[in-house]
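According to UniProt numbering, the residues represented by the sequence shown are 1 to 93, in order.
The hints are simulated quantities; they were obtained by calculation from the structure and are not laboratory data.
It should be emphasised that the depicted structure is a prediction, and the values quoted were computed from it without experimental measurement.
All residues carry an ideal CB built from backbone N, CA and C; glycine is no exception.
Treat the hints loosely; a few may be bogus.
Here are the simulated distance ranges between beta carbons [to be verified]: (1) 9 x 84: 37 to 47 Å; (2) 65 x 26: 17 to 27 Å; (3) 65 x 18: 31 to 41 Å; (4) 93 x 26: 11 to 21 Å; (5) 40 x 65: 35 to 45 Å; (6) 41 x 12: 15 to 25 Å; (7) 11 x 40: 18 to 28 Å; (8) 25 x 86: 33 to 43 Å; (9) 91 x 55: 33 to 43 Å; (10) 33 x 10: 14 to 24 Å; (11) 13 x 83: 33 to 43 Å; (12) 14 x 58: 14 to 24 Å.
With a straight-line cut-off of 25 Å between C-alpha atoms, the simulated DMTMM-like cross-links for lysine to aspartate or glutamate are [as the list claims (entries may be wrong)]: (13) 11 x 45; (14) 36 x 91; (15) 32 x 52; (16) 36 x 47; (17) 32 x 63; (18) 32 x 45; (19) 11 x 47; (20) 32 x 47; (21) 36 x 63.
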Amino acid sequence: MTTIKDQDHSKNQQLLRNIVLHAVDQANFTIKNLAKRPTVAMLMECENCLTDFMPVVQMIAVDHIEYAPVYDQMATALDAAQIHGEPVLIELN
């Protein structure tokens, strides 16, 4: 008997990991750009990226606690960006 695609837990886990990985990659890209060119435009781009992806990561972290540290790192990076600090790159373990 074959499993229904939506019920294949290994595929769902991989999809969730890919979504979080994409969010981390995009956040790190904007953080690196902000470090290279610390302009108001880059600061706004970094803030926008983090605020766009944080709710997605948070929804995933609610059911998959292993992604909670990623959300916490994103929140810390956003706080740093908002006080004109230096956001640190986000790590996905």
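Cross-check of the supplied hints:
At about 43 Å, the beta-carbon gap between residue 9 and residue 84 stays in the expected band of 37 to 47 Å. In this structure the supplied range 17 to 27 Å holds for residue 65 paired with residue 26, their Cβ-Cβ distance being about 22 Å. Restraint check, residue 65 to residue 18: a C-beta distance of roughly 18 Å breaks the suggested window 31 to 41 Å. In this structure, residue 93 and residue 26 meet the distance hint of 11 to 21 Å, their C-beta atoms being roughly 18 Å apart.
Hint check: residue 40 to residue 65, Cβ distance near 36 Å, so the stated range 35 to 45 Å holds. Between residue 41 and residue 12 the Cβ separation comes to about 38 Å, which falls outside the hinted range of 15 to 25 Å. The given range of 18 to 28 Å is broken by residue 11 and residue 40, whose C-beta atoms sit roughly 42 Å from each other. Checked against the hint of 33 to 43 Å, the C-beta distance between residue 25 and residue 86 comes to roughly 19 Å, which is inconsistent with it.
Here the CB-CB span from residue 91 to residue 55 is close to 20 Å, at odds with the stated 33 to 43 Å. Checked against the hint of 14 to 24 Å, the pair residue 33 and residue 10 fails, with Cβ atoms roughly 35 Å apart. As the Cβ distance of residue 13 to residue 83 is approximately 36 Å, the hint placing it in 33 to 43 Å holds. Checking the proposed 14 to 24 Å range against residue 14 and residue 58 shows it holds: the Cβ atoms sit about 20 Å from each other.
Straight-line distance between C-alpha atoms of residue 11 and residue 45 comes to about 32 Å, which puts the hinted pair past the 25 Å bound. With a C-alpha separation of about 19 Å, the suggested pair residue 36 and residue 91 falls inside the 25 Å cut-off, and the hint holds. With a C-alpha separation of about 17 Å, the suggested pairing of residue 32 with residue 52 holds against the 25 Å cut-off. Restraint check for residue 36 and residue 47: the C-alpha separation of about 16 Å stays at or below 25 Å, so the hint holds.
A threshold of 25 Å between alpha carbons decides the hint, and for residue 32 with residue 63 the separation of about 30 Å lies outside it, so the pair is violated. Under the criterion of a C-alpha separation no larger than 25 Å, the hint pairing residue 32 with residue 45 is consistent with the structure, at around 11 Å. Between the alpha carbons of residue 11 and residue 47 the distance comes to roughly 31 Å, so the proposed pair goes past 25 Å and is violated. Using a Cα cut-off of 25 Å, the hinted pair residue 32 and residue 47 holds, with the two alpha carbons roughly 13 Å apart.
For the given pair, residue 36 sits about 36 Å from residue 63 by alpha-carbon distance, which is inconsistent with the 25 Å threshold.
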